[in-house]
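My request is simple: use the sequences and hints to build the entire structure.
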Amino acid sequence: MAEHVHGGRLVADHLADEGVDALFTLTGGHISPIFDGCKDRGIRVIDVRHEQAAAHAADAYGRLTFRPGVAAVTAGPGVTDAITGVTNAFYANSPVVLLGGRNPLALEGMGALQDAPQLELLRPVTKRVDTALETRRIREVLDASFRAALAPRMGPTYVDLPMDVLMTPVDPDHVVTAGGQRATVPPGPDPDAVAAVAGLLAQAERPVVLCGSGTYWSRAWEELDALARTARLPVFVNGMARGILPSDHPNLLGLSRKQALRQADLVLALGIDFDFRVGYGRPPAYRDDVVVVHVDPQPDRIGHNRPVTHGIVSDVASFLRVLLAHDATFGRAEATPWLEELTTEEGRRREARDAAASSDASPVHPLRFAREVARWSDPDAIVIGDGGDIVAHTAGQVRVDHPGHWMDPGPFGCLGVGAPFALAAAHVHPDKQVLVVYGDGSFGFNAMEFESAARQGLPFVGIVGNDGAWGEMKAFHERVYGPEGMVAQDLTQDVSYEGVVTALGGYGERVERPEDIGPALDRAAASGVPALVNVLLDRGFRRESAAAYGA
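For what it's worth, numbering that gives the first Met the number 0 labels the leading residue of the sequence shown as 0, then goes sequentially.
Everything labelled a hint here was simulated from the structure, so no lab data went into it. Where is the CB? At the ideal position from N, CA and C, for every residue including glycine. Among the hints, a few may not be true.
Said to hold, decoys possible - Using C-beta positions, here's what the derived DEER-type ranges look like: (1) N304 to P185: 17 to 27 Å; (2) S361 to D247: 40 to 50 Å; (3) R228 to D288: 22 to 32 Å.
Structural data, given as structure tokens:
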């Protein structure tokens, strides 16, 4: 007779079989058996100071590995604390499996400690919720959750694990497993629909390719590169699509996007949502008569917010392969005035930006801050954006040459992802530079995770653009309500954020002159511990941010 194992060991067995090598968590009595199981199976347990951070770290792990990131949190407030991180993953289509402790089934409905309607709370922001009602069925439930997390579009799932189910020992021979091989072939397009798109591309005079995170999740970077180069198409990216083409790719544009979309006669939308980031797909951001081809593996996302000429249900990479096989150039092998026009506009806008980025003023101009960060960061670095305006400034200048090497919250716009994302990145890629760009507001959300990183040997470098304000919202309030409407917009600029990190076991420096940013970052990286450089910015400069809020 085989030696009995408890439910926590079954959880760990399943995680190991899924290829998961790290569990993000904050300790709690309801989930202790899982830790015991992970220890036996050699799964690294990375514990944090707030459950939101555990969920964010699992989100980043999923983005970096294409495998579900797993977080385990205790019942009640542990689960509710994690919901923000799960929601962020939901809107970013990031594969996450959240394991939540729960009061024993034997005490259901009796007012047990930390009892809460956890399934009901998680259902709106996950792809699947479930409860393991028997120890022998834990692996069956987990298998279904992993399947759902990885199915297009990917996203988070949730599993309730009652304490008595986790603690009860069972005979391994009686454990139920789903078994079988998972489908790995992504959905492909209708060949006739692709032929129609090929014809439209051949006829278009001002085509634009818009790539969203679905392009990243389908790993379509080689196909996109081939299409862009051979058909001479301008490409714009957002979300996790940043990095699918290197920053110096001749067809990758950014600063001319508004002009391109207003003038385009055809938009090829690949794995992207027509949300606030791209003008909702509607006039005046687009022409009334624009032809729109929308490719996405999830049918109900096609045509959301705007009608489309052709909606193609397909994995992006599969669609591009069929399209390229149909016609590699679409009659566009020669240089086109359209691409040259947009490239010229890019150069004009870059010159204007670079003039401001040359400022030697102290405190530091935000665009000079961004330039110094871009100069310092390694071409192979993983750069994480956690903030508002300062992240927008930096994103426009920092090089991102590899898929998955830029991470920000995504469309949910959740502040506080910086340190949790960095924990996951430092674990997954210990050989790479990990850099977090913070606003002074966003730094405060999960600053305690610098202690988590220091304690567990997961170094990264953070840099704060400190303008003493909720800068993005301050610009909005000033535009809408005037200078006299400044309520709840300012922060204290003279705060030793670097001292906070030093007290938590890291390294910190304060910088007030632009020429000192690079050397300070060098020292921070050389410290070998989680580090923060606090850069004082010009409080008078405000980026125009109000448009994002519909003002």
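So, going through the hints one by one against the coordinates:
1. N304 to P185: 17 to 27 Å: For N304 and P185 the Cβ distance comes to about 24 Å; the hint holds.
2. S361 to D247: 40 to 50 Å: Check failed, 31 Å falls outside 40 to 50 Å.
3. R228 to D288: 22 to 32 Å: holds (28 Å)
In the structure shown, a violation is registered for the earlier hint numbered 2 alone.
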